[in-house]
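Asks: Chain residues, written in single-letter form:
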Amino acid sequence: MPIPEDDQDKVWQELAVKAQSGDTSAYHDLLKSSVPVIRRSIGRTLPNSDVIDDVVQDVLLSIHKALHTYDPERPFLPWLMAIISFRRTDFLRQHYATRGNKQVSIETVDLPDYLNSSESAVHFGDVEKALDSLPQKQKEVVELLKIKGYSTKEVSEKTGLSESAVKVTMHRALQKLKEKLA
Amino acid sequence: MTNKDQEIDQTIKHLCGDLKPVCCVNPLWRALLWILLVITYTSAVAMTIGLRDNIAEAMNREDYIFELMLAFATGISASLMTFWLSIPDCERYKKFLAIPLTLVGVQFVWMLDRLYFEGVGNIRENWLSHCWINTALHTTLPAIAVLLLVRRGATVMPCALASYAVLAVSEFGWIGMRLVCPHDNVGEAYFINFLPYVIIGIIAGIAAKKLFRW
Numbered sequence: 001m002p003i004p005e006d007d008q009d010k011v012w013q014e015l016a017v018k019a020q021s022g023d024t025s026a027y028h029d030l031l032k033s034s035v036p037v038i039r040r041s042i043g044r045t046l047p048n049s050d051v052i053d054d055v056v057q058d059v060l061l062s063i064h065k066a067l068h069t070y071d072p073e074r075p076f077l078p079w080l081m082a083i084i085s086f087r088r089t090d091f092l093r094q095h096y097a098t099r100g101n102k103q104v105s106i107e108t109v110d111l112p113d114y115l116n117s118s119e120s121a122v123h124f125g126d127v128e129k130a131l132d133s134l135p136q137k138q139k140e141v142v143e144l145l146k147i148k149g150y151s152t153k154e155v156s157e158k159t160g161l162s163e164s165a166v167k168v169t170m171h172r173a174l175q176k177l178k179e180k181l182a
Numbered sequence: 001m002t003n004k005d006q007e008i009d010q011t012i013k014h015l016c017g018d019l020k021p022v023c024c025v026n027p028l029w030r031a032l033l034w035i036l037l038v039i040t041y042t043s044a045v046a047m048t049i050g051l052r053d054n055i056a057e058a059m060n061r062e063d064y065i066f067e068l069m070l071a072f073a074t075g076i077s078a079s080l081m082t083f084w085l086s087i088p089d090c091e092r093y094k095k096f097l098a099i100p101l102t103l104v105g106v107q108f109v110w111m112l113d114r115l116y117f118e119g120v121g122n123i124r125e126n127w128l129s130h131c132w133i134n135t136a137l138h139t140t141l142p143a144i145a146v147l148l149l150v151r152r153g154a155t156v157m158p159c160a161l162a163s164y165a166v167l168a169v170s171e172f173g174w175i176g177m178r179l180v181c182p183h184d185n186v187g188e189a190y191f192i193n194f195l196p197y198v199i200i201g202i203i204a205g206i207a208a209k210k211l212f213r214w
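Just so you know, the protein sequences line up as chains A and B, in that order. Start counting the first sequence at 1; every next residue gets the next number (our numbering). Start counting the second sequence at 1; every next residue gets the next number (our numbering).
Think of the hints as simulated: they come from the structure by calculation, not from any bench. Here the structure is a predicted model, which means the values were calculated and not measured. C-beta atoms are modelled at their ideal positions from N, C-alpha and C, and glycine is treated no differently. You can take every hint at face value.
Cut-off 27 Å, straight-line C-alpha distance, at most; resulting in silico cross-link-like pairs (BS3-like, lysine-lysine):
1. 65/A <-> 210/B
2. 65/A <-> 13/B
3. 18/A <-> 13/B
4. 158/A <-> 178/A
5. 209/B <-> 65/A
6. 148/A <-> 178/A
7. 4/B <-> 32/A
Okay, the calculated bits of chain B under chain A, using three or more residues with CB under 8 Å as the criterion:
8. 8-19
9. 23-34
10. 79-91
In isolation and in its complexed conformation, chain B is listed as follows (with noise of 0.2 Å):
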């Protein structure tokens, strides 16, 4: 037997000497147990904010109805990617990895269309200590508790992973900031609230690799 085998024996029987039982982590129960509380608590912070004045009239209208029914498809699809990526045997999910991008894809075209036929429209001139405390305060909790539960796991895709998590949490901040913001126009909608998220994004996919380290 040479050193080296003895070496790997040596870690062997040293990790065998610190084997505890474990829990099996079941993805699809986290991202569950996320949606649920991302929800509830989207949900209690539009509530506390306040909901928009005119949110009767925009319940009835079909493009407002049509892009919270897309950034909650997007958000949940975006959800079960980030907790199906944090284990190691995620190859068989990889078949889904595109809804999510083909769904975001289909708002930004949205986006597009909009700015097209109706231009980027009125931004208000608060809107940094407006929008953006609010987007924060929409985003906070869900991010650290998607964070936390992620960390748990094992990823052996932590770019990706990070990316998904950064797509699942601002469209469910988003969905929270257009139960409360009045102004539906591109500008705001997306420039203002949207915005913040890409930052995020950009510094998350740098940091995803350390913060995902195991």
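Isolated chain A (complex conformation) (with noise of 0.2 Å):
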């Protein structure tokens, strides 16, 4: 049954306490309740999950370091609070000056999965068949250059070809596979 808020905080004001006096056992305990509190905090408003834990680290950190800045007369919440929404503000800052909010993790991508869906599969067993049926040499091409993502001149330099081979190669394997998609 979860504590009521006031009760909680009497909780962690009595802990504060005993940790702004060296209390190790204390400071454990107040630690280790406020990260839920953290976690809920910032988790509402920070743009990727991946990082709440790390911003929660931070503010375990901040809270470490202002720790004599708490009043014991004081509930604990509004100073917690106040760290939180800082350190918060603090990423947030950070992430946009980096563009991090243009950046995405490749494991987070959602892609479809194109490999097991079924409706998928009839239509990429198309492609396959038609990629089957070009000569060997447009085939290689085209794997290398639009499904493995090399360049040109690593093409060449794969194949044998020269730059402007390749790219001939590579458009006369297209037109062959639009014909036979049509």
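Reconstruct the complex from the two isolated chains, following the hints.
Replies: Here you go:
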């Protein structure tokens, strides 16, 4: 059963006072019980769930640095919330300054599962058949250039063709694929 | 338990290992300590430089007393705000933010009023070597003291704190200048004796986040 907010604050107040006098176990309990509150508070506003735990750690470090500024006569939660809000703003400022909002982790990109989706398998089965019907050289160039993502120069080195020959081969292959898939 | 949870547990253990008994910071006591220090220092510097020749005559002028009292009230309120903003739980003091700003607004209106009716007045040629050196004497130590005292806190409003700190130092420095500078015209009293603070204020505002990082 969750503890009511007022009672929780009294518990935190007592733990914080003990922590200020150097009680390690009270300090451990204080930090440990603050983590869910910190996580919940920042989780709602941060753009990326990956960074929540980093900000939680930042807040914990800030609590440690600012413990001497806590007034034992005052409730603990407003003090904690002020620190959380400050660190969250700090993080967001840095995040937007470094264009972190434009970056997406490769693990979090929500791509459709083309390989296992039966609907996609029908479409991509046709593409695969069309690719198989191409002459070996053209097929190799398409795979290297369009599927594996090599540059024209790299494909030229791998296949022994000149760069312009790679471009011509690619162009012809695309024309054939277009005709077959039309 | 995930890796992230384990990392947080590790951090908590590490922080517990670093724990040392700490003394509580009382912003009010610090503010009073600084105000006492700055009043003593400003008086001492004014005595050392030498009070203005016409101090007795000036003390009988209502406008001069009004200006000093206004600056003193602004300085005291800005000092209290500076130290109150130096702790994270400063939300309850935000209602007082307007007091120093209103007082400084009154000062500004007063200056404009005098400028309109009296004009700029004569400015001495040696103001750079004379006035600005005295200004620096009046403000350097209080500025260092406020910086050191405030950095021992943990502010969540660094820019506002820097602005109020500059305002507090300026007002007390300005009072010091009014005690030693015999010229009360708008040009000297406000433009020459207040201008350095404006420059310091702009620099402090830019550097605030770095100065008060914690």
